[in-house]
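**Student:** My request is simple: use the sequences and hints to build the entire structure.
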Amino acid sequence: EAGVAQSPRYKIIEKRQSVAFWCNPISGHATLYWYQQILGQGPKLLIQFQNNGVVDDSQLPKDRFSAERLKGVDSTLKIQPAKLEDSAVYLCASSLRLAEGGSSNIQYFGAGTRLSVL
Amino acid sequence: GNSVTQMEGPVTLSEEAFLTINCTYTATGYPSLFWYVQYPGEGLQLLLKATKADDKGSNKGFEATYRKETTSFHLEKGSVQVSDSAVYFCALTDSNYQLIWGAGTKLIIKP
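Residue numbers (this note's numbering), protein chains in the order written: chain V, 1 to 118; chain R, 1 to 111.
No wet-lab data here; the hints were simulated from the structure. There may be inaccurate statements among the hints.
[Unchecked claim] Some chain V residues near chain R, calculated using beta-carbon distances under 8 angstroms: (1) 41; (2) 42; (3) 43; (4) 45; (5) 48; (6) 53; (7) 56; (8) 88; (9) 91; (10) 105; (11) 110.
[Said to hold, decoys possible] Simulated pairs of lysine-lysine, DSS-like, Cα-Cα distance not exceeding 27 angstroms: (12) V:62 - V:78; (13) V:44 - R:110; (14) V:71 - V:15; (15) R:106 - V:44; (16) R:49 - R:68; (17) R:106 - V:11; (18) V:44 - R:52; (19) R:49 - V:44.
Virtual Cβ for every residue (Gly too), placed ideally from N, Cα, C.
**Tutor:** Below is the structure:
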């Protein structure tokens with residue numbers, strides 16, 4: 001079974017530029033998550049999708065960050081314009097569905113995109 | 001609110017030493033508890049989990065027991081290897097099935 005795919009693996013941009021990250025979840029997984037992981041910290045949830053609908057985007061800085069999952073499969077996270085403090089690893093994860101107990105809500109992670117803003 | 005506290009790293013051990021990484025949590029209700037591992041240059045991988053009190057999760061020689069009375073989920077391994085060097089994250093799921101993460105503990109195993 002293929003895992004969560006993310007691209008690019010690395011990206012270096014200057015502040016005020018724009019950048020986009022792509023994520024392809026595990027086939028059949030309805031729930032998709034984007035996280036920001038700053039060096040030395042645990043991941044911070046940015047946005048959570050269930051199919052193509054947003055479940056939670058309360059921690060997404062909406063003045064500069066946007067995300068979409070138009071067909072309920074692939075997802076794109078965009079930053080426009082980027083700031084120095086956006087330097088981090090952006091992780092995408094997916095789970096089968098939102099469900100209590102069992103293995104359905106175990107999250108599987110991609111390798112991440114390391115963003116450096118200069 | 002819900003939170004997870006892990007012991008600060010780095011933790012440095014010699015090969016074949018016994019490992020404990022402490023994790024305690026604050027949560028309402030009965031969350032599921034997880035340990036994820038992040039090897040250098042890779043994404044997060046689920047190491048083990050426990051969904052109710054007194055459950056023991058185990059994988060690759062690692063174990064952790066869900067202790068409701070002490071709100072803990074400490075990670076243990078009897079004999080570590082160099083290949084276990086990684087960052088270990090403790091996490092719980094809240095009522096929205098979102099993961100609440102600890103800050104991570106870096107483990108360094110010396111041959």
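**Student:** Hint by hint, say whether it matches the structure.
**Tutor:** Tested hints:
{"no.": "1", "hint": "41", "result": "holds (6 angstroms)"}
{"no.": "2", "hint": "42", "result": "holds (3 angstroms)"}
{"no.": "3", "hint": "43", "result": "holds (6 angstroms)"}
{"no.": "4", "hint": "45", "result": "holds (6 angstroms)"}
{"no.": "5", "hint": "48", "result": "holds (7 angstroms)"}
{"no.": "6", "hint": "53", "result": "violated (14 angstroms)"}
{"no.": "7", "hint": "56", "result": "holds (7 angstroms)"}
{"no.": "8", "hint": "88", "result": "violated (14 angstroms)"}
{"no.": "9", "hint": "91", "result": "holds (6 angstroms)"}
{"no.": "10", "hint": "105", "result": "holds (5 angstroms)"}
{"no.": "11", "hint": "110", "result": "holds (5 angstroms)"}
{"no.": "12", "hint": "V:62 - V:78", "result": "holds (10 angstroms)"}
{"no.": "13", "hint": "V:44 - R:110", "result": "violated (31 angstroms)"}
{"no.": "14", "hint": "V:71 - V:15", "result": "violated (31 angstroms)"}
{"no.": "15", "hint": "R:106 - V:44", "result": "holds (18 angstroms)"}
{"no.": "16", "hint": "R:49 - R:68", "result": "holds (14 angstroms)"}
{"no.": "17", "hint": "R:106 - V:11", "result": "holds (25 angstroms)"}
{"no.": "18", "hint": "V:44 - R:52", "result": "holds (25 angstroms)"}
{"no.": "19", "hint": "R:49 - V:44", "result": "holds (20 angstroms)"}
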